[in-house]
Structures are given as C-alpha cells and as structure tokens.
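Just so you know, the protein sequences line up as chains A and B, in that order. The numbering of the first sequence is this note's numbering, which starts it at 1 and goes up by one. The numbering of the second sequence is this note's numbering, which starts it at 295 and goes up by one.
Calculated from the structure, these hints are not laboratory results. Virtual Cβ for every residue (Gly too), placed ideally from N, Cα, C. Accuracy of the hints is not assured; some may be wrong.
[Unchecked claim] A short list of chain A residues far from chain B (calculated; beta carbon distances all over 10 Å):
1) 6
2) 44
3) 54
4) 68
5) 71
6) 81
7) 91
8) 98
9) 109
10) 114
11) 120
12) 161
13) 196
14) 207
15) 210
16) 285
[What the hints assert, rightly or not] If the Cβ cut is set under 7 Å, some of the chain A residues that face chain B in the computed set are:
17) 16
18) 19
19) 138
20) 144
21) 230
22) 234
23) 253
24) 256
25) 264
26) 271
27) 275
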Amino acid sequence: MVLHRLLRACVSTGLTILLGGLFAATLARFAPGFGVDEREFDPRRGVASLQDLRARRQAVGNIVSYYGGYLARMAQGDLGVSQSLGRPVAELLAERLPVTAKAAGAGLLLGWLPGLLLALATCRPSKTLDLAAGVLSALLLCLPSAVVALALLFAAPTGLRPSVAVGVAVAIVVFPRVLRFARGILGQVAVAPHVQMASAKGVGPYRILIAHILGPALPSLLALAGVSISVAFGAAIPVEVITDSPGIGQLAWQAALQRDVALLTSLGILVTTITVAANSLAGVVQDCLRQETA
Amino acid sequence: MSSLRRLAMLILVLVYAAGLAANWLAPAHYAAQFRDAPDAAPSRKFPLGTDAVGRDVLSRLIYGTRVSLVLAPAAAILATMVAGLLGGVAGYLGGGMEAVILRAADLFVSLPWLFLLITVRAMLPLNVPPVESVLVTFLLLGLLGWAGPARVVGATARVIRRQDFVLQARASGSGGFRLLALHVLPNLKPILLAQFWISVPVFILSEANLGFLGLGVGEPVPSWGGLLREIENVQAVAANPWLLAPLALLVVVVGCFHLLTPPEDYSK
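Just chain A, same shape as in the assembly (with noise of 0.2 Å):
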C-alpha cells in the first residue's frame, strides 16, 4: 500500500515537473526577442548560411520540437548557457544551489521550533499569550519579506555573514505563518471531544499536548510543513538580493533583470522540482499517518 501511494506520488510529481518545464518552455519561446539570432547581421554571412540559420531557428519554432529538443540536453546534463553570466547553466546551479538549500533549511528550522513551540503552548488556555501569539503572527505577515532583510542588515551587528542573514530572514518569514495555521490546527484539535475526555479523565496536561494533540494534528502539520518549503524559497528571492548572498534567489533576480531565458527555464525547473518532491513527499507520509490513525 506505501509502496503503491509512493509510486503515485513519484508519477505525479513526474507529469508536474514535467508540466512546469513545459509551461517555463512555453514562456521561453513567446518571450519577446526569442529567435533573434546576432549572427545574422554579421555582412561575412552568404545567402546559404543564412538560411542555414533560419532553418535551424524554424526547427525549433514549434513548442512541442523545442520542449522536446530541451528534455533531451536536459537528460545528457546539458542545460544551456547562462546568456548575462556567459557559463553553464549546470555549473551556476551546482554552485548557487546549496547556499540556498543550507540558508533556507536553516531559516525553516529556525522558522518552524519557535512556531510550532509557541502554538502548542497557546493550546493551553491563556488570554495573554493567545494576544501575545496573534498580534506578533499578525505583524510579521504584514512586512514584506524584502523589508525583513533590510531591517535585518539594519539591526545586525557588522560582519554578519549573509548566508546567517538569508537564514535568519528566512526564519522570520516562516515563521508568522507557521505560528498562525499550526495555531490553527492544533486549536481546532484541542476542542475535539477525545481531548476533553482525557482531560476528564485525569491526564496530565502535557501527556494530552503531545499524545492527544500533536499526534492527531500530525498530518495536517506535515501538510504545512510542505508548503512552508515553497514559502521560503520565495522569501530567499528579496532576501538574497538585498543581503548580497549568492543562492539560487539572487541569481533568479539576475536572471530576470538579464531576461536570461535559458537560465530562467532551468532554475523553473529546478525550483518546481524540489517543492513538488517536497509536496508530495509530506503527502505520502500524511496519508500513511491518516491510514494509520484510522
């Protein structure tokens, strides 16, 4: 049965990575200045290799060809050459990747312990924290995350390093929204009639926080936990700029600014890749932890 949800997990995280390059494909193509080729303008070129070049282009003027013609250098390791850096598209990636795995990791830990701590302790009855908890998870989600790193450069000490203050950042962005939905579910859990029970019958708070709630709110806080994934590589986009940090979000930015499309489709990719897995993994766990409670 698990083996069954991961195989379907697997395909369809297959057909929506497969859609995302198609839909970064499609934008590539009918991008304004797709086709422009420098290399007909030059006089040395005769009649022959011009029209060498067209035919090439019109070969790859069809979406379907071009897609097509892009999977298959993909599957060789090939993709592309960054047009405003002039190097590999592969090479950037490889390079660009891990500071902001390490950065956004680190930010969703640091995001989600104190969220998560903090919604679990508003389970408890408690007028003052409950205010405390919704006015801080309110305020937080007002600010962009752009402005959460400048305030960040502005209230740090000198020196800091930015990969530290993409985490950090991160972290402050995550974790509003982590405060606010686990909030949320484990609120809605404390109220069902089997916590009362409990409780009726005697057990200890702590015993019913972890036991009666965590556990039934588990799948739905894996649910969140997958989103929460998507959220910080987004917020690692205005975070990298603005901090200076070479990830893979300053280097979408770049990019963009540079209209770089083949850099661009590659990082759509890439990005759609890693939430989707992400996505679908916490999905085949939570559909096994709902079996199970079942």
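Using the hints provided, position chain B relative to the given structure of chain A.
What follows is chain B alone, placed relative to chain A:
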C-alpha cells in the same frame, strides 16, 4: 462585527478616500521635482520631506496609495473570477477536466509565488512605459494568483455537485451550463468572497516585493513597492526616519485587510 474589525474598516475607508482624492489632496503632482530641495526634511511645505530628486514624498505616497489600493483589489477580482470559473468547472464536471485543472493549479501553488512572478515578469517586455508597467504588474498578479483559490473553489463545487438540490435540479431536466450558472456558481459566492479578501493583502505585499526588486511599477509612477525602494539606503533611513512612512502605511493597511479576512477553515 467586533470593534477591532470596525476600526480596521474605518482605517481602510479613510486610506481609500485619501487615495481616490489624490488629485485634490496631494500638495503636488507625483512627478513634480523641487530641484532646490532634494532630500529635504519634513517641513510645512513638504510634510514628509522630499526624495533624492526633490519630489514631495507625501504627494507620492498619496498617489502611490491610489495605484496600490485600487489595482490590488482589481487584480484580486480577476484572480477570483478565474479561480471561480476554473475551480467551478473542475468541481462541477469532475473527471479528466478536473484532473487537468487541478494538476495545473498544483503546479502554480507548488512554485514559490515570487519566483513565478519574477519569471513571468521577465518574459514580458521590461522597458514599457510607466502606465503600462502598472497594468502589466497587476494583470500578472491577477492572472497568476488563481491557483490557490481555484483549489478551494473546486473542492466546494465538488461538494455542491453532490447535494440534493443539484440532484433534484438535474432530475427536473436542468443540466449543463444552466445547472452550473443557476445552481453551482451562486452557491460558490461566499467562498469566492473569502478568497477575494485573502488575495488582496497577498497582492499588495507581492507588488511591494516586486517593486523593491525593480520589477514592479516603473518610475515615475509611484506605488508602495516603488516607494519602499527609497528605504534600501539604510544610512539614509537612519538619518531621515520619515522615509519609513510608506512602510508604516503598508503595514497598517495590510493589517486591516488581515483583520477583515474571514478565518480559515483548517479542516480542509
């Protein structure tokens, strides 16, 4: 309605009124430059000072409010309409159509929102006239923001499709478009309204982030995102804290929208 929500509504009404009356309320045109007073401190003539090229910050803030607060809800309406149509059709028809629409929605939801925005924005002409850049930015928000709401709408339409009154209407000979238009879509109204309220602050913050990255509304047209770029210079903000006025207004307005947003149903 609680007193806090009433206060939020009042603040929003006042900010909207100020934005809509920008032509009368703003002391100067948003592009007017007072070249003898660049980076001026707040004074009677310039209540929030001037920027580096001598433009009145208060005037730009009022005009920027109009751009952000009128177009973000317009983009939210567009996103909600697309979500209502696609989600409604997916939930109502089911089968292959539902699978295709939900798979596309999954893809859009999986991609980080800002990444999707800057990628699509980069594929569109970057050097467009300022007014066109306003439309491009908000149209993009509207057209790309459909996926999350569409999933919620699709799930609700699926439930409605199986309800007794729909079965009865179907048994009475009603079907196809008539059933969708008369029985399914009207019952999606509360969900669509909730999705609209959720989308507005998201779009305001997205425009702010895009503007901060230089991919939003083009100069000299002001928007909150564009105005926030002024605070990029941390030293300047430390010396002139009134440059934070656009950020303060943004936080207050987004906070008010959050207060007015109906609470999420976590069981879905």
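Now the hints, each set against the structure:
1. 6: Given that every Cβ of chain B is farther than 10 Å from that of residue 6(A), nearest at about 18 Å, it holds.
2. 44: holds, 31 Å
3. 54: holds, 23 Å
4. 68: With a cut-off of 10 Å, residue 68(A) remains clear of chain B, as the shortest Cβ separation is near 19 Å.
5. 71: holds, 17 Å
6. 81: holds, 18 Å
7. 91: holds, 21 Å
8. 98: holds, 18 Å
9. 109: Correct as stated: the minimum Cβ-Cβ distance to chain B is 18 Å, above 10 Å.
10. 114: Non-interface label stands for residue 114(A): nearest chain B Cβ at 20 Å, farther than 10 Å.
11. 120: holds, 15 Å
12. 161: Given a closest Cβ separation of 18 Å, the condition holds.
13. 196: Fine: 18 Å to the nearest Cβ keeps residue 196(A) off the interface.
14. 207: Residue 207(A) is indeed farther than 10 Å from all Cβ atoms of chain B, at 23 Å.
15. 210: Answer for residue 210(A): holds, closest chain B Cβ roughly 20 Å.
16. 285: Non-interface label stands for residue 285(A): nearest chain B Cβ at 17 Å, farther than 10 Å.
17. 16: holds, 5 Å
18. 19: This interface hint holds because 5 Å falls under the 7 Å limit.
19. 138: holds, 6 Å
20. 144: holds, 4 Å
21. 230: holds, 5 Å
22. 234: holds, 3 Å
23. 253: With a closest approach of 6 Å, the residue 253(A) hint holds.
24. 256: holds, 4 Å
25. 264: Cβ of residue 264(A) sits 5 Å from chain B, so the hint holds.
26. 271: holds, 6 Å
27. 275: Constraint on residue 275(A) satisfied, holds at 4 Å.
When each numbered hint is compared with the structure, no violation occurs for any of them.
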